[in-house]
Every structure is written in structure tokens, then in C-alpha cells.
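Undergrad: Heads up: the sequence lines are chains A and B, in that order. Counted from 1, the first sequence has number 112 at position 112 by the working numbering; the numbering is strictly sequential. Counted from 1, the second sequence has number 228 at position 228 by the working numbering; the numbering is strictly sequential.
Take the hints with a grain of salt, since some may be wrong.
Stated by the list, open to error - Selected chain B positions facing chain A (in silico; Cβ < 8 Å):
(1) 98
(2) 101
(3) 103
(4) 109
(5) 113
(6) 118
(7) 231
(8) 233
(9) 236
(10) 309
(11) 311
Keep in mind that the hints were calculated from the coordinates and are not lab data. All C-beta atoms, glycine included, are put in the ideal place defined by N, C-alpha and C.
Given next are the chains, with one letter for each unit.
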Amino acid sequence: MSANGMIIKVSEEFKREANLKYEEYLKLSKWAQEDFEGFWDYFAKKEISWFEPYKQVLDDSNAPFYKFFVGGKLNMCYNCVDRHVTTRKKNRAAIIWESEQGETRILTYRELQYQVNKFANVLKTLGVKKGDVVVIYMPMIPELPIAMLACTKIGAIHSVVFAGMSSVALRERILDAKSSVVVTADGGFRGGKTIPLKENVDKAIEKLKFIKYVVVVRHVDREVPMKTLRDFWWQDLMSDPDYAKPYCDPEPMDSEDPLFIIYTSGSTAKPKGVVHTTAGYLLWRILTARWVFDLKEEDTFWSTANIG
Amino acid sequence: MGKQKGVIESKLKETRVFYPSIEFSQKANVDADEYERLKRWSETDWEGFWRYFALKKIDWFKRFDEVFDGSNPPFYKFFVGGKLNVSYNCLDRHVRSWRKNKAAIIWESESGETQVLTYQQLYIEVNKFASVLRTLGVKKGDRVLIYMPMIPEAAIAMLACARIGAIHSVVFGGFSSEALKDRIEDAKPKVIVTADGGFRNGKAVPLKSNVDEAMERVEHRVSYVVVVRHIDRDIHMKPLRDFWYQDLMGDPDYAQIYCEPEHVDSEDPLFILYTSGSTGKPKGIVHSSAGYLLWTMLTMKWVFDIKDEDTFWCTADIGWITGHSYGVYGPLALGATTVMYEGVPTYPTPAKWWELVEKHSINILYTAPTAIRALMRLGNDWVLKHDLSSLRLLGTVGEPINPEAWMWYYQIVGNEKAPIVDTWWQTETGGHMITTVPGAQFTKPGSAGKPLPGIFAEVVDMDGNPINDQDKGGLLVVTKPWPSMLRGVWGDDKKYIDVYWARFKDKGYYFAGDGARKDEDGYFWIMGRVDDVLNVSGHRIGTMEVESALVSHEYVAEAAVVGRPDEITGEAIVAFVVLKEGVDKSRHDELVRELRDHVGREIGPIAKPSEIIFTDALPKTRSGKIMRRLLKDIAAGRKIEQDISTLEDVSVLEKLSELRDKLREEMNKGENGNSG
Numbered sequence: 001m002s003a004n005g006m007i008i009k010v011s012e013e014f015k016r017e018a019n020l021k022y023e024e025y026l027k028l029s030k031w032a033q034e035d036f037e038g039f040w041d042y043f044a045k046k047e048i049s050w051f052e053p054y055k056q057v058l059d060d061s062n063a064p065f066y067k068f069f070v071g072g073k074l075n076m077c078y079n080c081v082d083r084h085v086t087t088r089k090k091n092r093a094a095i096i097w098e099s100e101q102g103e104t105r106i107l108t109y110r111e112l113q114y115q116v117n118k119f120a121n122v123l124k125t126l127g128v129k130k131g132d133v134v135v136i137y138m139p140m141i142p143e144l145p146i147a148m149l150a151c152t153k154i155g156a157i158h159s160v161v162f163a164g165m166s167s168v169a170l171r172e173r174i175l176d177a178k179s180s181v182v183v184t185a186d187g188g189f190r191g192g193k194t195i196p197l198k199e200n201v202d203k204a205i206e207k208l209k210f211i212k213y214v215v216v217v218r219h220v221d222r223e224v225p226m227k228t229l230r231d232f233w234w235q236d237l238m239s240d241p242d243y244a245k246p247y248c249d250p251e252p253m254d255s256e257d258p259l260f261i262i263y264t265s266g267s268t269a270k271p272k273g274v275v276h277t278t279a280g281y282l283l284w285r286i287l288t289a290r291w292v293f294d295l296k297e298e299d300t301f302w303s304t305a306n307i308g
Numbered sequence: 001m002g003k004q005k006g007v008i009e010s011k012l013k014e015t016r017v018f019y020p021s022i023e024f025s026q027k028a029n030v031d032a033d034e035y036e037r038l039k040r041w042s043e044t045d046w047e048g049f050w051r052y053f054a055l056k057k058i059d060w061f062k063r064f065d066e067v068f069d070g071s072n073p074p075f076y077k078f079f080v081g082g083k084l085n086v087s088y089n090c091l092d093r094h095v096r097s098w099r100k101n102k103a104a105i106i107w108e109s110e111s112g113e114t115q116v117l118t119y120q121q122l123y124i125e126v127n128k129f130a131s132v133l134r135t136l137g138v139k140k141g142d143r144v145l146i147y148m149p150m151i152p153e154a155a156i157a158m159l160a161c162a163r164i165g166a167i168h169s170v171v172f173g174g175f176s177s178e179a180l181k182d183r184i185e186d187a188k189p190k191v192i193v194t195a196d197g198g199f200r201n202g203k204a205v206p207l208k209s210n211v212d213e214a215m216e217r218v219e220h221r222v223s224y225v226v227v228v229r230h231i232d233r234d235i236h237m238k239p240l241r242d243f244w245y246q247d248l249m250g251d252p253d254y255a256q257i258y259c260e261p262e263h264v265d266s267e268d269p270l271f272i273l274y275t276s277g278s279t280g281k282p283k284g285i286v287h288s289s290a291g292y293l294l295w296t297m298l299t300m301k302w303v304f305d306i307k308d309e310d311t312f313w314c315t316a317d318i319g320w321i322t323g324h325s326y327g328v329y330g331p332l333a334l335g336a337t338t339v340m341y342e343g344v345p346t347y348p349t350p351a352k353w354w355e356l357v358e359k360h361s362i363n364i365l366y367t368a369p370t371a372i373r374a375l376m377r378l379g380n381d382w383v384l385k386h387d388l389s390s391l392r393l394l395g396t397v398g399e400p401i402n403p404e405a406w407m408w409y410y411q412i413v414g415n416e417k418a419p420i421v422d423t424w425w426q427t428e429t430g431g432h433m434i435t436t437v438p439g440a441q442f443t444k445p446g447s448a449g450k451p452l453p454g455i456f457a458e459v460v461d462m463d464g465n466p467i468n469d470q471d472k473g474g475l476l477v478v479t480k481p482w483p484s485m486l487r488g489v490w491g492d493d494k495k496y497i498d499v500y501w502a503r504f505k506d507k508g509y510y511f512a513g514d515g516a517r518k519d520e521d522g523y524f525w526i527m528g529r530v531d532d533v534l535n536v537s538g539h540r541i542g543t544m545e546v547e548s549a550l551v552s553h554e555y556v557a558e559a560a561v562v563g564r565p566d567e568i569t570g571e572a573i574v575a576f577v578v579l580k581e582g583v584d585k586s587r588h589d590e591l592v593r594e595l596r597d598h599v600g601r602e603i604g605p606i607a608k609p610s611e612i613i614f615t616d617a618l619p620k621t622r623s624g625k626i627m628r629r630l631l632k633d634i635a636a637g638r639k640i641e642q643d644i645s646t647l648e649d650v651s652v653l654e655k656l657s658e659l660r661d662k663l664r665e666e667m668n669k670g671e672n673g674n675s676g
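Let the hints inform the model, and build the full structure from the sequences given.
TA: Written out as C-alpha cells, the structure is:
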């Protein structure tokens, strides 16, 4: 024990098996300091599947509007899902979902691809185009990541709003994003109780002309108001072969194209819509999962945070 | 050599040959060179060959002392003294690898509901149910009868039995209470695992009530009946005897999440499976643990070319050996992903199977000629509507496939890209015996190919002498024991010897009951059951060739031929023909003439059926094999007094009998008219 508190040592076994060993860690730190661009260039090429290679690692000519991996083309969903389906990961569990009651659902990478493709085509049918924002206000169910990935597949920007937020907070975010489509559910479960998500959406979008469609996942199976012409059940759209076709080409996106907007929790002031990019964001997700979470193929990983 | 007895003449010449693509061969687990190496190895160092693979493929608790013990034929033993557990090999070793979160079973229902079980989950469920079985007093060597629909719990129950060394006997969920009763009496299970029911063709099929009925009529006392709640219907639960699966599995005192796997002997029985009985009263075929496991794994690798990224679908019900070997044990032992579908191919639409292939991006499809012919009959549109480009290998099993159905499978389903493996094997053989290896060999529509490396088969006459004339067929025999061979008939050693070994006692050959011929390339052509061979004017003709000739006619969907006693020719050929949809049946006489001429052209005048009977369906076993012995009685005008407990649809038989009586009457009338 040091004077400043406890130091917990890592076991020898953990060190031996770790993705990033101490010597490698020192090497990487040094590399990043001495050859910043070379460092990022190496990992961006290694970890990301590119449709078109980038021309420049960093463009800082207009600080603080920095750009990374300039000119590269890629697709987030392709990197998260499609590229795994042609490998032995195809039948691995991508998502293991469980409810408070102990109900379990598993989506393999292939099943996830299938559902994402179908919902991507549904979004296209609803008129969503590259660069459009889709607001997602959903409980922690697999349809939430399906909706997010479907957005990224067609180049739409998702804005996930935590399902614990009130209709007022939701309205602010919808107004800020001017989305024409909202994806929600008939409700969610929390602490054994049902949360009325659909009613919150109805209140939040009252008199908002730019809202064209609300897609509602039937999840808690309760009666909810469904406004004709505007509100449609997810399950109905997803089972219609004209809308939910099982194949969808990934939209090639620029490295710097926005991937999503997320609002900071607002403990300091009015919430800010933080915009994230496609390539840089993706790369750091991959690297930190490898380095910090020491993620390996045989691991089951659980981040308990809400997707919102 | 003088005139050989038991020779079957071959008239049908099928000359088409198909090679696998270069890409397929390059990526294949076994290419032509490797195939030759394996073949030579098994011929020159038979024991070394089996030793190598047994040590490489199986995780042993204790290594075996001896590869083979042939001191007491035909009671052969393999991997003597070894200790292992089959469920350990199917589960425990995978959950410690990257396969932990890989889908072991992807289940789908007719309504499109999907359930995925990863290896980790399957492992937990099997451990829990194994603990439950132990709680119910099941011990090593006890029998557990499984009578279930095609749901993951069926596989869980099988593996749970294997985990505690109990012997499972799966009875196909489509069997009646009568068939179930026979099997309970024979196997004497301590526990029966069943469900409240299953779904088939959009309807709920009762299962538990069949168990109740069967139990009322057997003397053997079953301790417990475990019932999976599946279709959620109200059923009678007998107090003290019947318990819900879900209740038992939800009780942590009974369903513990770890159950120590029993160390069983290589030769300890893994299961009993009753043969479908296309040939007589069902026999309880007994399979061993180690030898069976090894061969299902090797054939999965060699014949199905299975790889880590594949999704494999064997459509057989787990009530059949095909479902045991290639639906459950083979794929799981290799850590593959296996698809399980509860339902029929044509519900809710005739595209259901193709939807499944597209949705789960299935790479290897293994099914039966009867299903292929049924789907072919419905037309190509159902198939072509779906993207089947994921399919890279197709397989068939159950009966020899008619070349016409083979071509449809190859062209329409496989888009002329996926090789077909036509696998000849039996409940008794445990795994594939004669088949092509897809990356190593060319295929011929209608021929199974050659015996696999390690398997030694021959075509012989009645005296056991090889038949070397490629135009002549004979009896198919296996000349050397193999690890996955049956170890006996449950409780009846005499039957085991009489049925399989007595015929060629001196040579020690296994008699398969099938006729076959070998062509100039050494490829085997299965000609049908020996008992069904036709004898027309002294010519012995196999049923298969005449049927294939009929099916090659554009109007014919399916055909079965049998012999009827005839004063002049000894036997006359009677053909039962199912026409394709849309064929005008009012041109009856014209159709008969056309089909007879067609057979005459394809095979020769000797094979022309003397009678053709059109029917909407053929009597089949529930596994889809045509029951020619029943058709024989109909053709001869005999009353049927045989065992029909394995017949799928009794009404088919009644309709056929009626049809035949009518025809006979008309014929008699006609003859009388002419003479008068």
C-alpha cells in the first residue's frame, strides 16, 4: 500500500493473456507522441474496412474544426455487422437481451444484419434519406440498436433520446433535430412497471408539422393511441415484403459525415446536441474495446448503461 | 466363375457427370489429393487410421487401450477401454473457446418465430436438465424415451441423457400411440420426456395424450413423465407421475447449473433408435458412444465440408437417425451452427424452406428425395423468388434420388453452383457410408458415389462373390467393421445376427438389404431394397431404375413400382404414379400408353409396367420412404395384414385399395364384353 492509497496489482495470468501488454503499451505511447499521424494512420487502416481510402490523416487547417481521415469512404453498419457475416462470426451472438422477467432473446450477427437491412429499407420507404435525422425514443430492446444501425446503413443521422426523459425534453430534442421520423415503442418496463413512451411521443410532437411518421414497436402490448396516417406498427412494416426487403446496400459515407447526434445530459445548462463523425468515432470505439476492455472473441461483454 | 445367383440386371444408363467448381475444391476440407491419401491410409493401416482420428477428434477422459476388438464377431468393439462423455464433446469443450457465444441451434417455427441457443446457453440448459433427470432417479444405463416435436428441448433432453450416461430412445413425434406403446414395451424407459403438443401444417398435434393412451396399455411402469409446455393447451397431468418441464427447470434444487458428466465407456450405448420399418416390425438399433461420435464428426467434415462460418440445415426430424447424426451430434460435436425447423416444407406457403435459407443464410442443406420431389411438383417460382446464393452444398438422404429430381435440385435450388452429395447409409450404419466427397470427386445424378475412406463396401452375388460386371447389380455388403456401426438390436442378439450377419456368415459381411451395382468408375448405384427386386421372365430388375425412368417423364412427379405374381412372366410390373400438378388426367389410356412406351425407350421393353395406377399420393413411412411392401399387397389384390404402425397416412392406403378394386372391376367388365 502506498501513502496515497491502495494499488491493486494485476495477476500474472491476466498480464500474460492481455491484448495490450505493458511493453506494447509503452511502445504505443511513445509512437503516438513521436509520430502522431503515423500512429492513427496505422490503426485506421488496420481496424476499419474502407470503401475508399482516405487521402489525409488530419486536416487542422481550420481549427477547431478538425478533420480526420479526410476523403475516406466507409459505412458504420458495414463495419459493425456486414463484414462479420462472411466470417465465422456469422452465427455468433451479437446481442444477448434479457428482460426483468428473465425472458431472453439472442440475435446472431446474421440475424442482426437481416433485421437491420429490413428496417433500413422501411426507413427508405418512409422517405428517410442520407443526412436526415431520425429520433429514436425506445426502451432497452434489440429493436433500438436495429434502428440505430439501420440509420447508419442508409447514412441517416440518429438521435437517440433516453426513454427516461420527459415529453418536454423529447420535444426540445425533436425541435432541434427537425426529424421527420420518430421511432418509439408502446412502452418499456422498468422496476416492474410500464412506462408510457408512445403517449410521451404524442405530447412531444403535438402540432409539429415536420413529423411525417412515427414507428411504434409493439413491446409491452398495451393499448396506445395510434394516429391514423402518421403512426405505424414496427411489426406491420417489418412483415411487409414490399417495404422490408432483406437486402440493403450500405451507403458509402465520408469519414467526416455525421453519424449521430446525442444530447449531453444537461447538468450544466441547456442540453447540447453533440455531433459525432463516422470514421474517427468508429476507430476509437474499436481501439478502446481492445485496449481498455481487453475484449477477446470468447468474451461476453456487458455495459449496463442505457443506449440513450 | 459360373452363373452368379442374385444378380440384378441394369438397363438404365445415366451418363451425365458434374464436377465441383475449382473454387469449391480449393477451399474444400478434403480435396482429391487428401481423399486419395485418406483412402490409401485406411487401406494400408486401418487401425492406425482410426487411432489417429479418434485421438484427434474426441476429448477423452481416459485414452483407449485398443483400437479394435474383433474377437467375438459380430459383436465388434472399437476404442476399447476409453472413457469419454458425448455431451462434454458437444458442449463443454466449446464453451471454453470463442464458440461460447456462437449459435449452436437456430430454431424456427412455421409462424416464423425464432429462437437462438448459443453454446453457452445450450450448455446451461443441458446441465440443468441432466440434474433434473438425476433427481428423477435416472442412472447410467437407464433408458429415457423422448417423444417430442422439433423444438430445442428435444436436443436438450438427448444431450442431458448423454451427460449422465442414460440411453435415450427418441420416438418420432408423428408416431401414433400404438407405435409408441411397442417402443415403450421394448425399451422399458424409466422416464418419458414429451410435450403438450407440437405444430405441424398450421395445426396443433397432441403428444401427451398419445403418451397417456400408450401407457394405459403397457405393463412396464414408467416412473415419471416430463412434459414441455409448448402449444399451451389444457392437458391432463396425472398426479405424482406427470410434471411440467418448465416447473422442474425453474426449481434450483433440481435444476442445478452444473452436472458432472458421467465418464462412460467407449462402447456404452449412447442411444436406441427404432428403424422406420419400411421392411417389417421396428427393431431397436443400439449405437455406441465413441465410435458413433467419431464418425458423425468425420463425415460432417469430409462429406458436408463444414466450416466455422457455415450455417447447416439438416431437415430431418430428430426422431430419425439423420436427425440424430446430422441434426444434433455431428454439428454440435464440431461446434457448428445447426438449424432446427418445426413444421412442414409447404406451410404457410410452399416457399417456407426457401425463406429459411434466405433469412438464416444457410450454406449447406441436407434433405430427402421425397421432399425434393414434393417441392419440385409445386413448380420453380416458389424457389426462384428467394435469394438462395448462400447455398454452397446440397445433400440428399433416405432413398436413392431419381436423376430427374437430382437435376432439379442441382439446377433450380443450387443454381448449378452447389455440388450434391447423395449419401447412402442406414439407421444401422450410424453415419454416411457411400457418398461422393464434394471437393474431391465428380458426381453422377442417381449414383451415391464410392465408399468413404475407412469404409469397405462391395456388390456381391448370393454366395458373396464380387460382381464385376458394371451392367449387373447384386447385394450391397460392408466387408469390414466400422466405428459407427450398430452394436446390436436392443434385447435381441439373435435378431442382430439373423438380419445382418447370417447371410454372409463365413465372410463376415454386413448385409445391408439393398441392391446395388458398381459402374466403370467404381461408383455405386443403389437399386432399391433386395426384397423389392422384380423378377420378370427371369430378369431381375431393381425398382429404382424403373421408377427413375417414370419420373424422368415430364408428367410424372413420383412413382413406385412393385411386382405382382403373373402366371406367364413370373412377376408383372405394377407402377403407382403420382402425376405433376396440372396434368390432364382425363386422357387416362393415352397417358398409360405414353408412360409405358417411355419406360420401354429408357430401359427396354422388359421393364414396361403391365399396369399403371394413377394416385394422388404414395404410402410412405413417416420418414418419407415408400412402403413398397404395402403396394405389393395392393397390386396382388391381397388384404393388408402387415404392420402399418409406421405408415404416415393410412387414408392413402384405403384410397389406393379402392382405386385398384375399381380398375379391376372395369377390366373384368371389358374382358367379359369382348368375349361375349
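Undergrad: Can you verify the interface hint for residue 98 (chain B): is its Cβ closer than 8 Å to any Cβ in chain A?
TA: holds (4 Å)
Undergrad: Regarding the hint that residue 109 (chain B) lies at the interface with chain A, is the smallest CB-CB distance below 8 Å?
TA: Because about 15 Å separates residue 109 (chain B) from the closest Cβ in chain A, which is outside the 8 Å limit, the hint is violated.
Undergrad: Holds or violated: is there a CB of chain A closer than 8 Å to the CB of residue 118 (chain B)?
TA: holds (5 Å)
Undergrad: Go through the hint on residue 236 (chain B) and say holds or violated, using the shortest Cβ distance to chain A against 8 Å.
TA: violated (28 Å)
Undergrad: May I ask you to test the interface hint for residue 233 (chain B) with respect to chain A, counting a Cβ-Cβ separation under 8 Å as satisfied?
TA: Hint on residue 233 (chain B): violated, closest Cβ of chain A at ~21 Å, above 8 Å.
Undergrad: Using the nearest Cβ pair, does residue 113 (chain B) come within less than 8 Å of chain A?
TA: Check failed: Cβ of residue 113 (chain B) comes no nearer than 11 Å to chain A, outside 8 Å.
Undergrad: Does residue 311 (chain B) pass the interface check with chain A, least Cβ-Cβ distance below 8 Å?
TA: holds (6 Å)
Undergrad: With a cut-off of 8 Å, does the beta carbon of residue 309 (chain B) approach a beta carbon of chain A closely enough for the hint to hold?
TA: Result: holds, 5 Å to nearest chain A Cβ.
Undergrad: Take the shortest C-beta to C-beta distance between residue 101 (chain B) and chain A; is it under 8 Å?
TA: For residue 101 (chain B), the interface hint holds, since the closest Cβ of chain A sits about 4 Å away, which is under 8 Å.
Undergrad: Mind checking the CB of residue 231 (chain B) against every CB in chain A and telling me if the closest is under 8 Å?
TA: violated (19 Å)
Undergrad: Taking the closest Cβ pair, is residue 103 (chain B) under 8 Å from chain A?
TA: holds (4 Å)
Of the numbered hints stated above, those contradicted by the structure are hints 4, 5, 7, 8, 9, listed in ascending order.
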